[in-house]
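Trainee: Sequence:
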Amino acid sequence: MNGIKQIAYFGLSTLSLKVLGFALLPISTRILSQTEFGELTFLVSISAVMSLLLCLGLPELLFKQQINNPQKKRALFRDAFILCGFFSCIVVCVCVYFVEPFSALLPVSLTLIDIKLLAVNLALSSLLSILFCYFRYYEMAKQFCILAILQGIVQTVCTLVLLYLGYGVTGVMVSGVVSSACVLFIALSVVFQQISIGFKYIPWNISYKNSLFLLSIIISSLFVYANNGAENWFIVASVGKEKLAQYYVAVQFALMASFTFEPIRMWWFSRRFNELAQDRTRYVFLCELSLDIGILLCAFMTIVAPHLLAVVLPDSYQLNIWLLPSLIVIVVLRHHSDLLNIGCYTKFNGFFVTVVNVISALTALILLFFLVSELAVLGAVIALMAAQLLKAILFFVISQKLEYLSFSVKNLVPSWGCFLVIYMMSAFDFPQYVICQLITFICFLMILCHKYNQIISNVIHHILKGRVHD
Numbered sequence: 009m010n011g012i013k014q015i016a017y018f019g020l021s022t023l024s025l026k027v028l029g030f031a032l033l034p035i036s037t038r039i040l041s042q043t044e045f046g047e048l049t050f051l052v053s054i055s056a057v058m059s060l061l062l063c064l065g066l067p068e069l070l071f072k073q074q075i076n077n078p079q080k081k082r083a084l085f086r087d088a089f090i091l092c093g094f095f096s097c098i099v100v101c102v103c104v105y106f107v108e109p110f111s112a113l114l115p116v117s118l119t120l121i122d123i124k125l126l127a128v129n130l131a132l133s134s135l136l137s138i139l140f141c142y143f144r145y146y147e148m149a150k151q152f153c154i155l156a157i158l159q160g161i162v163q164t165v166c167t168l169v170l171l172y173l174g175y176g177v178t179g180v181m182v183s184g185v186v187s188s189a190c191v192l193f194i195a196l197s198v199v200f201q202q203i204s205i206g207f208k209y210i211p212w213n214i215s216y217k218n219s220l221f222l223l224s225i226i227i228s229s230l231f232v233y234a235n236n237g238a239e240n241w242f243i244v245a246s247v248g249k250e251k252l253a254q255y256y257v258a259v260q261f262a263l264m265a266s267f268t269f270e271p272i273r274m275w276w277f278s279r280r281f282n283e284l285a286q287d288r289t290r291y292v293f294l295c296e297l298s299l300d301i302g303i304l305l306c307a308f309m310t311i312v313a314p315h316l317l318a319v320v321l322p323d324s325y326q327l328n329i330w331l332l333p334s335l336i337v338i339v340v341l342r343h344h345s346d347l348l349n350i351g352c353y354t355k356f357n358g359f360f361v362t363v364v365n366v367i368s369a370l371t372a373l374i375l376l377f378f379l380v381s382e383l384a385v386l387g388a389v390i391a392l393m394a395a396q397l398l399k400a401i402l403f404f405v406i407s408q409k410l411e412y413l414s415f416s417v418k419n420l421v422p423s424w425g426c427f428l429v430i431y432m433m434s435a436f437d438f439p440q441y442v443i444c445q446l447i448t449f450i451c452f453l454m455i456l457c458h459k460y461n462q463i464i465s466n467v468i469h470h471i472l473k474g475r476v477h478d
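Under the working numbering, think of the first position of the sequence shown as 9, with each following residue one higher.
I should point out that these hints are in silico values taken from the structure, not numbers from a laboratory.
From the three backbone atoms N, C-alpha and C, an ideal C-beta is built for every residue, glycine too.
You may find that some hints are simply not true.
Said to hold, decoys possible - Computed cross-link-like contacts, EDC-like style, restricted to lysine to aspartate or glutamate with a CA-CA straight-line distance of at most 16 Å:
id : residue 1 : residue 2
1  : 459       : 323
2  : 251       : 323
3  : 124       : 108
4  : 81        : 147
As the list claims (entries may be wrong) - Between beta-carbon pairs, the in silico distance windows are:
id : residue 1 : residue 2 : range
5  : 56        : 108       : 18 to 24 Å
6  : 467       : 390       : 39 to 45 Å
7  : 467       : 94        : 44 to 50 Å
8  : 438       : 108       : 50 to 56 Å
9  : 316       : 211       : 49 to 55 Å
10 : 377       : 250       : 17 to 23 Å
11 : 201       : 104       : 29 to 35 Å
12 : 421       : 390       : 20 to 26 Å
13 : 250       : 411       : 45 to 51 Å
14 : 378       : 356       : 51 to 57 Å
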């Protein structure tokens with residue numbers, strides 16, 4: 009049951025952060041003008057690509073590297089933190105010094121102080137991500153949960169105060185710096201004694217071979233951005249900040265489906281290499297279970313999210329009815345890419361991770377270039393959906409060639425069938441579609457209950473047994 013407790017803590021932290029984020033949406037969209045909100049959205053887009061660079065692929069290395077000596081493993085966290093800190097300092101200095109030339113390259117105008125604050129926040133967040141990896145690896149989910157929620161609360165309160173005081177986008181940037189700095193200090197104080205291992209005792213752990221793996225992950229991650237954020241640059245350049253603001257809000261509601269799955273993903277990604285080494289049959293089972301849960305959650309969000317968006321946000325942010333369900337389809341495809349790729353990570357230092365991401369990224373960029381100028385937001389959705397589908401297929405096929413696992417595609421057919429029915433009803437606005445969606449969703453639940461009857465029975469039995477003891 010320890011795994012369930014870990015998932016519960018991750019779930020609580022993820023849910024809390026998402027609730028805080030969505031609580032800010034109706035406030036920030038009303039205080040900020042649509043143009044200002046578009047600027048904030050574009051800063052977030054820059055943040056997404058820069059965070060991939062500043063983390064240097066170190067979280068993947070920390071989870072992948074199997075070291076029997078516990079002190080050496082902790083020393084690896086020490087080295088990762090030092091490397092990340094050194095590189096982050098260089099990036100911040102370069103960004104602050106060359107902020108004007110950098111700003112001139114952007115497709116829209118941004119305030120220089122906002123760009124500088126973003127750079128500082130990214131550096132702090134990158135260091136914090138290494139410490140959060142420590143909590144995840146050593147199953148310190150409770151500490152992770154407390155610190156993550158603390159960061160969210162501090163940032164939300166600061167944002168609200170500064171927005172009401174009239175500081176606008178700059179206030180949001182300041183709140184990010186303050187919250188990241190506070191939580192970084194606390195997290196470092198918690199793990200400092202564990203990772204402060206002298207270099208005379210254990211020398212530098214990150215080898216040349218590790219560097220090749222990190223390089224492949226960095227390059228791969230940058231290409232991943234083309235499938236998850238690059239469309240913002242095309243949209244803002246083609247149709248302006250206002251349309252970008254509308255698109256971004258729809259994406260946030262679509263990502264609710266991803267965040268509901270995030271607790272399982274966080275738990276699974278920190279242990280999947282160990283599971284593969286210990287029991288390949290169990291690994292396959294857990295992968296299929298995770299995919300089914302992910303599809304179920306996305307089906308639920310396809311039903312709920314469009315109505316929630318219509319209630320929460322101003323009318324100026326309402327877009328076409330097909331947009332939000334289509335974005336959730338992209339989230340489902342992304343789950344498959346994330347879970348069915350283990351062979352690409354375990355073989356050839358992650359080389360094929362880079363290959364797949366390059367192919368899908370180039371596909372996305374080419375389609376975005378031609379479609380966004382003609383079809384605006386619809387073109388962006390078509391491009392991302394095509395690229396994400398290609399990416400999922402390539403990851404699965406290549407991974408199976410490198411590290412064959414006994415996956416059964418037909419096991420996922422019922423889940424995909426139910427999800428597609430729910431999606432079609434939302435996207436095309438069928439009469440009485442909500443009732444039909446609910447019926448389909450109930451059937452989906454019944455199928456999964458039958459499929460995983462044994463594990464559900466075991467969990468219920470364990471819970472009841474615990475209550476009897478209490």
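Trainee: Are the hints correct? Go through all of them and say.
Mentor: Right, here's what the structure says about each hint:
1. 459 / 323: Violated: residue 459 and residue 323 sit about 42 Å apart, past 16 Å.
2. 251 / 323: holds, 13 Å
3. 124 / 108: holds, 10 Å
4. 81 / 147: holds, 14 Å
5. 56 / 108: 18 to 24 Å: holds, 23 Å
6. 467 / 390: 39 to 45 Å: holds, 41 Å
7. 467 / 94: 44 to 50 Å: Since residue 467 and residue 94 have Cβ atoms about 45 Å apart, the given range 44 to 50 Å holds.
8. 438 / 108: 50 to 56 Å: holds, 53 Å
9. 316 / 211: 49 to 55 Å: For residue 316 and residue 211 the Cβ distance comes to about 53 Å; the hint holds.
10. 377 / 250: 17 to 23 Å: holds, 22 Å
11. 201 / 104: 29 to 35 Å: At 33 Å between Cβs, range holds.
12. 421 / 390: 20 to 26 Å: holds, 25 Å
13. 250 / 411: 45 to 51 Å: At 47 Å between Cβs, range holds.
14. 378 / 356: 51 to 57 Å: violated, 33 Å
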